[in-house]
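From first to last, the protein sequence lines stand for chains A and B. Residue 94 in this note's numbering sits at position 94 of the first sequence, and the numbers go up by one each step. Each number in this note's numbering comes from the position in the second sequence (counting from 1) with 1000 added on.
Honestly, the hints are just simulated from the structure, not real lab data. Incorrect hints may have been included.
[To be verified] Looking from chain A toward chain B, a few residues come up when the C-beta cut is under 8 Å (computed): (1) 13; (2) 14; (3) 80; (4) 100; (5) 126.
Every residue gets a Cβ at the ideal spot worked out from N, C-alpha and C, and that includes glycine.
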Amino acid sequence: MIFLLKHFLYAFTCTIGFAILFNTPKSSLIKAGFSGAIGWTVYTIANNSSPSIVFSTFAGAFFVALSGEIFAIIDKNPITVYIIPGIVPLVPGYGLYYTMRSILANDYGTAAERGSEAFMVAIAIAAALTIILSLNAYRKRRLMRIK
Amino acid sequence: MNLVNQKKLLVMAIYAGEIMLKNGAETYRVEDTIIRLCKSRNYPYVEAYVTPTGIFVSVDTKGQEQKDMLSSVKRIKSRNINLNKIAEVNDFSRKFVEGDMSVEKAMQQLKKIDELPSYPLYFQAFMGGIASAFVALLFGANILEFISALATSVIVTFTTKKLSESGFASFLNNIVGGSFAAFFAIIFSYLHPNIHVDKVIIGAIMVMVPGVAMTNAVRDTIMGDLVSGLARGTEALLIAISIAFGVGFVLRAWIFFNGGGIL
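Okay, chain B solo, but in the shape it has when bound (with noise of 0.2 Å):
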């Protein structure tokens, strides 16, 4: 095997590596997975390290010649979830370790997998909402307030989804559909007394609770990744944090027109 194909073999792995990582991973997978790759075609020396915001992969044939060493690093910028293209990814791998398919063609499959389309966002927001009001029911509401967490819930599904997709950063996209769902459980709370503001918001963020992150830092932190998982555990505090201030923010600003003691 010459070094041009060595070379594109690591570029694949790592291809590969970033596809999982950006669509939401654990870092452990994403480790395990370059290694297989790049073990299946003869290099007996496969180093990997992932975090959430990067990976970094040595590997090298056998034998004391330096220059065969290669080594990359990738830096991973955004992150959100897809579990689709994972667990198409992890199909790929399997097929390619267990197959000898070209290194030109494993490409090629990566970028379709990569292109893959996700559901449409009016499917999604309305799934959202679907989601959002059974929880609400989960947790003791009533048919009103399932039908305001449903509309709610709507709303801030499409709101957070469409500005994520413009760019926003998901900071601000949580102050906004915090500040979304506290803002139309007030409004839902005036057309009828049996509509508490609490359960419609308790339903409504939960489409945005950042729980993956959250178990996912414990996990890593348990499994000896420690950087990983202070990386998750920001990311998660992060988001709760974002999501308080929108709500919270909305909330005051009631509070302080009605003249206090709503809580």
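Excised from the complex, chain A in its bound form (with noise of 0.2 Å):
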């Protein structure tokens, strides 16, 4: 718990620090950093009950979505407000950094599989936010025609 807790604090800093280098509106930042903190979160308990870093990561973005959406239509802002600095502790930097070392080692096979994996976790975040955002253009689409 305290560890969740502790992850929790960290992630919702430095998704607040992102805001800020994306130029957030002010009165938006905390909530950024709720999404981006909820998000990992969850990310960091899918871990650590599943073996697939895909898996965890589909699951931490659809929250930063789901959270931003709600958000969004709280302050009446574009979603990419929120879901932009959330979803950057979740983004593959990792995986790259050491595909990248595995080249320089000359280790193709390893290079490969960890390519390809951040390449799927990218994969898995972009899947998750497009069912969030498809599922609202749906909801808007209905609240159309019901006006």
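Since each chain comes alone in its own frame, lean on the hints to assemble the complex.
As structure tokens, this is what we get:
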């Protein structure tokens, strides 16, 4: 529990840092931090119980998008403002670095393994975002029809 | 509505799209905004085609007369991320569609949005350092690595931002950023045996890693915008390669001077 709390706080601070790098409006900084922190905590929990990093990333990104969507509806801001800083901790920078290092060590087998894993992680993040965004687009279409 | 007004409206809609696209909005959002802005002022026919490198819009009024059809093309040369401007343009387009703002006033507001200041450079560099240091913590760094990642990343963020302000190509910026990250990580690793090069570098390159381009590329491709997907994918690949080149170059040189065997 303390471990999770610690990770929540780390991810929160780190997402706010990235949010400022991306010039997020001041009023949305804290919310962006929350969506990043929620996503990373889900990722950590999933990672502890499943061996697949791709699945954990999918779960994490799913919750980033879900909380981002909720904040976006409350604040009437585009969802981009919350998810772009929020997904950064999940992005496979780690995988990219090890791919490069394996290439340096002439270990192309490991490089291919790490590289394809990084690629799959990117696809998992995008898939999670796409699912949530499509559901929201469907919700908006139905609202329009009722009006 | 006369033709001059139509032309002004089209120029204004394209300007709004340009601001969004230049600051990192998704292509479907830009298309959506342009179509909404044009349709709100009595254009039954609007077609917008947006890729990360350009905007193409055609508008027409009702009827058979060919002279009413207007088209415009806007080339986008540089892209970075400024979420504040995207949110502002989004807000502006909602107001424009719902109220009856004049096109001239809309143009003034867009100009104001385009010139909005970003956070000061020193603050950005510092927050970049904080962000990277906490990423390093997330991947299990100790307190010494935390401090070195912070220091390294402040330097890296400051350098890359400064270079891109001076108008250098992003390929070059990222090579410089990557090599700075590796260089300072190696220097810090000599200060204390508990500081590992890996964790510091991972933290420091996190501010440059093309996460946004990567996920947007896959997302555009899934949604059927194949050309945008390819363009963004190429951008992501280019950034990843340039970072790897910068980091790899310095690490390789270090191995060479050390006589090998650090990995």
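Against the structure, the hints:
1. 13: holds, 5 Å
2. 14: Status holds, d = 4 Å.
3. 80: Result: holds, 6 Å to nearest chain B Cβ.
4. 100: holds, 4 Å
5. 126: At about 3 Å, which falls below the 8 Å cut-off, the nearest Cβ of chain B leaves the hint on residue 126(A) intact, so it holds.
Against the hints set out earlier in the document, no violation occurs for any number.
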